[in-house]
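Enquirer: The residues making up each chain are set out below.
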Amino acid sequence: MTFPDQTSVVPAVEMKDIVLQFPGVLANDHVNFTLMPGEIHALLGENGAGKSSLMNVLIGLYRPQSGEIFIHGEKVSFNSPKDAIAKGIGMVHQHFMLVENQTVTENVLIGLDNPRFRLNLKKYDDEIRDLAEQYGIHIDPTARIWQLSVGEQQRVEILKILYRGADILIMDEPTAVLAPQEADELIATLKEMAARGKSIAFISHKLHEVKKVASKLSVLRRGRMTAERVDTKDMTRESLASLMVGREVIFNLHKCQQETGREVLRLQNISAVNNKNLPALRDVNLDLHEGEILGIAGVAGNGQSELVEVITGLRTCTGNIWFEGKDIANKPPAFSINQGLAHIPEDRIGVGSAPNLSLTSNIIMKRYNEEPISKKWQLNYLAADELASRLKNEYDIQAPNIKTQVRKLSGGNLQKLILARELSSTPRLLVAMQPTRGLDVGAIEGVQQLLLQQREQGCAILLVSEDLDELLALSDRIAVMYEGEVVNTLCQEDFDLETIGLMMTGSFQHPDPTPADQSDEAPIPSCEEEYLGSEEGGSLSLTPSSRRRREGNKGDGSLNPESSQTPESEKERVLRKVLGDKYKNQGGGK
Amino acid sequence: MKIPYPVFTKRTEEVPNWLPVVTSVGAVLMAFIISGIILKLIGADPIKVYKYFFKASFGSWGAFSDVLVKATPLILIGLGCALAFRMRLWNIGAEGQFFVGAFMATMVVMVPLVDLETTPKVVILGLMAILGMIGGALFAFIPGFLKAKLNINEIITTLMLNYIAVLWNNYWIFGKWSDSGFQMTKTFPKQAWMPRLADYAKNIPAFSGMTAHAGILFGLIAALIVYLIIYKSKWGYKITLIGDNVRTARYAGIDIAANTILVFMISGALAGLAGMTEVAGTVHRLQERISTSYGFSGVIVAWLAKLNPFGVIVVSILFGALLVASREIQPSGISFLIQGITLFLVISSDVMLKYQITWVRPQEEQA
Numbered sequence: 009m010t011f012p013d014q015t016s017v018v019p020a021v022e023m024k025d026i027v028l029q030f031p032g033v034l035a036n037d038h039v040n041f042t043l044m045p046g047e048i049h050a051l052l053g054e055n056g057a058g059k060s061s062l063m064n065v066l067i068g069l070y071r072p073q074s075g076e077i078f079i080h081g082e083k084v085s086f087n088s089p090k091d092a093i094a095k096g097i098g099m100v101h102q103h104f105m106l107v108e109n110q111t112v113t114e115n116v117l118i119g120l121d122n123p124r125f126r127l128n129l130k131k132y133d134d135e136i137r138d139l140a141e142q143y144g145i146h147i148d149p150t151a152r153i154w155q156l157s158v159g160e161q162q163r164v165e166i167l168k169i170l171y172r173g174a175d176i177l178i179m180d181e182p183t184a185v186l187a188p189q190e191a192d193e194l195i196a197t198l199k200e201m202a203a204r205g206k207s208i209a210f211i212s213h214k215l216h217e218v219k220k221v222a223s224k225l226s227v228l229r230r231g232r233m234t235a236e237r238v239d240t241k242d243m244t245r246e247s248l249a250s251l252m253v254g255r256e257v258i259f260n261l262h263k264c265q266q267e268t269g270r271e272v273l274r275l276q277n278i279s280a281v282n283n284k285n286l287p288a289l290r291d292v293n294l295d296l297h298e299g300e301i302l303g304i305a306g307v308a309g310n311g312q313s314e315l316v317e318v319i320t321g322l323r324t325c326t327g328n329i330w331f332e333g334k335d336i337a338n339k340p341p342a343f344s345i346n347q348g349l350a351h352i353p354e355d356r357i358g359v360g361s362a363p364n365l366s367l368t369s370n371i372i373m374k375r376y377n378e379e380p381i382s383k384k385w386q387l388n389y390l391a392a393d394e395l396a397s398r399l400k401n402e403y404d405i406q407a408p409n410i411k412t413q414v415r416k417l418s419g420g421n422l423q424k425l426i427l428a429r430e431l432s433s434t435p436r437l438l439v440a441m442q443p444t445r446g447l448d449v450g451a452i453e454g455v456q457q458l459l460l461q462q463r464e465q466g467c468a469i470l471l472v473s474e475d476l477d478e479l480l481a482l483s484d485r486i487a488v489m490y491e492g493e494v495v496n497t498l499c500q501e502d503f504d505l506e507t508i509g510l511m512m513t514g515s516f517q518h519p520d521p522t523p524a525d526q527s528d529e530a531p532i533p534s535c536e537e538e539y540l541g542s543e544e545g546g547s548l549s550l551t552p553s554s555r556r557r558r559e560g561n562k563g564d565g566s567l568n569p570e571s572s573q574t575p576e577s578e579k580e581r582v583l584r585k586v587l588g589d590k591y592k593n594q595g596g597g598k
Numbered sequence: 002m003k004i005p006y007p008v009f010t011k012r013t014e015e016v017p018n019w020l021p022v023v024t025s026v027g028a029v030l031m032a033f034i035i036s037g038i039i040l041k042l043i044g045a046d047p048i049k050v051y052k053y054f055f056k057a058s059f060g061s062w063g064a065f066s067d068v069l070v071k072a073t074p075l076i077l078i079g080l081g082c083a084l085a086f087r088m089r090l091w092n093i094g095a096e097g098q099f100f101v102g103a104f105m106a107t108m109v110v111m112v113p114l115v116d117l118e119t120t121p122k123v124v125i126l127g128l129m130a131i132l133g134m135i136g137g138a139l140f141a142f143i144p145g146f147l148k149a150k151l152n153i154n155e156i157i158t159t160l161m162l163n164y165i166a167v168l169w170n171n172y173w174i175f176g177k178w179s180d181s182g183f184q185m186t187k188t189f190p191k192q193a194w195m196p197r198l199a200d201y202a203k204n205i206p207a208f209s210g211m212t213a214h215a216g217i218l219f220g221l222i223a224a225l226i227v228y229l230i231i232y233k234s235k236w237g238y239k240i241t242l243i244g245d246n247v248r249t250a251r252y253a254g255i256d257i258a259a260n261t262i263l264v265f266m267i268s269g270a271l272a273g274l275a276g277m278t279e280v281a282g283t284v285h286r287l288q289e290r291i292s293t294s295y296g297f298s299g300v301i302v303a304w305l306a307k308l309n310p311f312g313v314i315v316v317s318i319l320f321g322a323l324l325v326a327s328r329e330i331q332p333s334g335i336s337f338l339i340q341g342i343t344l345f346l347v348i349s350s351d352v353m354l355k356y357q358i359t360w361v362r363p364q365e366e367q368a
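Protein sequence lines correspond, in order, to chains A and B. All residue numbers in the first sequence are consecutive under the numbering used here, ending with 598. All residue numbers in the second sequence are consecutive under the numbering used here, ending with 368.
One thing to keep in mind: the hints can contain errors.
[As the list claims (entries may be wrong)] Computed cross-link-like contacts, EDC-like style, restricted to lysine to aspartate or glutamate with a CA-CA straight-line distance of at most 16 Å:
no. : chain 1 : residue 1 : chain 2 : residue 2
1   : B       : Lys-235   : A       : Glu-378
2   : B       : Lys-235   : A       : Asp-393
3   : B       : Lys-233   : A       : Asp-393
4   : B       : Lys-235   : A       : Glu-379
5   : B       : Lys-191   : B       : Asp-116
6   : B       : Lys-233   : A       : Asp-175
[Unchecked claim] Beta-carbon label-pair distances, calculated as ranges:
no. : chain 1 : residue 1 : chain 2 : residue 2 : range
7   : A       : Leu-139   : B       : Val-23    : 32 to 38 Å
8   : A       : Ile-118   : B       : Phe-337   : 46 to 52 Å
9   : B       : Ser-349   : A       : Asp-134   : 37 to 43 Å
10  : B       : Tyr-164   : A       : Arg-124   : 50 to 56 Å
What the hints contain is simulated information worked out from the structure, not anything from laboratory work. We treat Cβ as the ideally placed atom computed from N, Cα and C, and that holds for glycine.
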């Protein structure tokens with residue numbers, strides 16, 4: 009196909025009539041995909057729509073049954089990713105492909121011909137540090153992968169590709185793991201790279217983000233293109249969503265108002281260290297009640313993972329954690345599981361599932377001790393299969409059968425399985441970390457409904473998310489974490505995106521006492537009766553002057569590349585970005 | 002000329018149930034073909050060699066009885082390894098645990114712990130079996146504990162402990178229990194011998210000269226128990242879960258440390274029992290060379306059996322046959338050659354379970 013305005017330019021990538029057939033699934037049904045040089049082209053679609061499959065064809069992981077691929081006008085046929093890399097194509101996968109025990113530098117160098125024999129690590133450390141700085145990526149090249157947060161690991165993946173000098177980049181849902189500010193930074197990096205002539209294919213679920221980053225977009229649904237190379241500016245959130253899902257998507261969740269019950273969880277003076285043995289939690293105090301969702305906001309790596317691990321017994325700590333009147337601090341995980349604690353872990357594959365085992369084995373993971381699944385020493389696989397089949401239907405887990413190894417499930421279905429396992433035991437306390445990360449719109453809606461349903465049933469929910477949208481929509485209160493401390497805990501009346509955003513970046517550490525000079529900028533109170541945060545909490549306020557000071561201080565780690573804008577336009581931008589048309593509903597929802 | 006070349010792609014569909022069996026059998030056949038080519042190259046007639054091979058190990062009941070004698074310790078050790086490997090615990094210390102088991106069983110006779118004249122045979126053998134298992138278990142407790150509590154690599158510890166066990170045995174057979182200067186104990190009294198088929202030759206003449214002993218029953222019972230553990234029990238589920246993903250198992254509330262130690266001890270107990278059957282059933286004394294690297298062959302057996310307890314029995318008998326045949330065929334290295342090639346091919350054949358191979362003709366590419 010031709011494009012009248014671009015006939016003279018040779019496309020960087022042209023995929024024609026790609027057909028990719030998996031047993032039982034037509035992943036790509038005569039799909040065309042064109043990527044022009046210096047362009048960011050978004051590829052949208054639900055889980056299993058065939059986006060990743062199409063891109064895996066492009067990087068030589070899969071061979072299509074039919075179809076042709078042209079790179080810079082030259083017909084190619086890839087047998088392995090190595091061939092694709094040779095043509096300058098690199099991909100940042102959704103699931104990172106890193107060696108945990110090696111350093112950032114070592115991971116970047118893996119598979120390269122150079123260095124050939126002697127590895128002068130220090131020299132390459134410097135090289136990679138320079139490269140990272142060039143693109144505004146903050147990373148310590150000497151750190152080992154297991155010490156890094158998920159967000160930081162992604163930066164390593166991007167560095168790997170940049171280091172190989174690829175000019176065609178495929179980003180498989182790159183922002184799914186990032187906080188809003190980090191995502192902004194990434195988008196700025198991508199735009200910079202595009203301006204320098206690199207072509208970027210950007211796979212995403214997040215509609216508002218696609219509008220920000222990409223000039224063109226294509227939408228896949230069940231292996232077919234439902235929109236091909238349309239201008240992003242012509243599309244609305246709603247029209248995109250219906251192209252992806254094939255039906256209207258409801259963007260507003262119904263959250264019923266309800267009184268919260270008695271206290272279920274109380275954290276008292278919790279401190280803990282991270283994997284690097286550095287303080288990760290500093291004197292954290294929180295409380296959580298029946299039928300309440302307490303959101304934890306924060307940029308990745310500010311202690312959220314450690315907080316979740318401490319509560320679920322996977323990390324040692326100092327202080328007390330009272331769960332239903334029992335101190336579960338430093339108790340083995342089994343203790344709190346028996347008390348009725350459910351946990352949706354951040355890492356679905358590494359922690360939440362046993363990838364090579366069946367659906368059944370994964371579903372009974374936390375209740376293999378219960379009758380009828382086990383009797384004395386015996387495990388009754390018939391009963392286990394029955395439970396698995398029931399939950400598979402109930403939670404609509406798409407898999408060939410209950411014997412399927414769960415590593416073959418898509419991200420959304422794996423999350424459904426984890427939810428099925430955790431929620432079907434009617435937990436008293438649910439700790440959910442990034443429950444909707446990387447899921448498509450339809451699946452996100454489902455997960456959020458399930459969380460609200462649990463809330464209505466009186467379950468106390470601790471929801472850790474880097475998606476502020478989600479936190480604002482679901483939470484009854486939001487605690488903001490920064491560098492291992494709870495900066496403040498806000499009640500629903502006081503939810504304000506900008507306040508939370510500033511708290512997340514640490515700009516609220518030394519509040520300016522200057523009174524507010526705008527009526528809608530009245531000091532944001534903390535949740536007085538609920539508040540258990542750090543000392544500064546009482547005098548926390550958001551004023552234009554505090555914001556100005558942040559803007560003046562460029563080197564404070566604030567990640568916003570557009571921070572030089574005026575306060576008003578920045579605020580508008582942020583609100584539009586994160587809340588979109590929901591902003592009014594959010595304000596009037598009470 | 003354009004030769005089609007294979008392209009490996011990751012399997013996306015379920016592996017059919019018959020495929021692992023087909024690839025394993027195919028790998029064994031392939032091993033015989035490759036060994037055949039080597040035999041041919043050194044000037045032998047492979048068909049003749051294999052015929053003789055077969056005759057030497059399966060040609061008569063007597064030969065088969067010898068095969069069972071060799072298979073007995075392999076079964077027990079292979080089962081112990083299979084259980085540990087299920088949990089991804091690389092216990093390669095079966096050799097050491099085997100020796101300690103043999104030593105503990107010998108104590109009953111050499112100390113002696115009971116009056117050998119008056120105590121019933123069942124009690125003596127029972128005591129020997131129990132002490133053998135305790136010995137193996139305690140010896141395996143060391144690497145298990147170090148792994149569980151200090152996360153010390155079990156491959157290194159189990160490997161090193163093998164030498165300690167061998168030297169410990171040497172101390173006793175060279176020093177304390179030496180039979181008039183030879184590096185072996187005196188022959189055990191008949192009271193401490195495992196019942197053998199030959200013992201029943203009076204009633205069933207066909208059994209005369211057959212050395213297969215009751216140790217094989219231990220092996221069969223142990224296989225049944227390990228099968229029940231792995232496939233039918235709650236504990237087996239836990240082991241499999243830990244083996245697949247330790248972090249997930251921890252998240253699911255399973256005590257990794259306790260299970261690590263326990264699995265190690267059971268694995269060791271089985272190897273210890275193998276040591277006991279060898280001294281009480283086959284050799285009837287403790288000596289330096291009671292094991293022809295049974296401990297290491299057990300590792301191979303467990304892998305070839307794909308960690309399936311009944312598979313362990315089949316593979317052990319096959320290995321026993323190779324050991325017996327190697328006595329008959331010169332150079333005896335031939336059977337080890339076949340062993341090595343078989344292992345190599347069976348493990349490589351796993352690729353077929355993970356990848357699909359499609360043949361691509363280069364013409365298609367350049368159209």
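Enquirer: Against this structure, judge whether each hint is valid.
Expert: Against the structure, the hints come out as follows:
1. B/Lys-235 - A/Glu-378: holds, 10 Å
2. B/Lys-235 - A/Asp-393: Within the cut-off at roughly 14 Å; holds.
3. B/Lys-233 - A/Asp-393: holds, 14 Å
4. B/Lys-235 - A/Glu-379: holds, 12 Å
5. B/Lys-191 - B/Asp-116: Distance of about 13 Å is within 16 Å: holds.
6. B/Lys-233 - A/Asp-175: violated, 54 Å
7. A/Leu-139 - B/Val-23: 32 to 38 Å: violated, 50 Å
8. A/Ile-118 - B/Phe-337: 46 to 52 Å: Because 37 Å falls outside the window, the suggested range is violated.
9. B/Ser-349 - A/Asp-134: 37 to 43 Å: holds, 42 Å
10. B/Tyr-164 - A/Arg-124: 50 to 56 Å: violated, 39 Å
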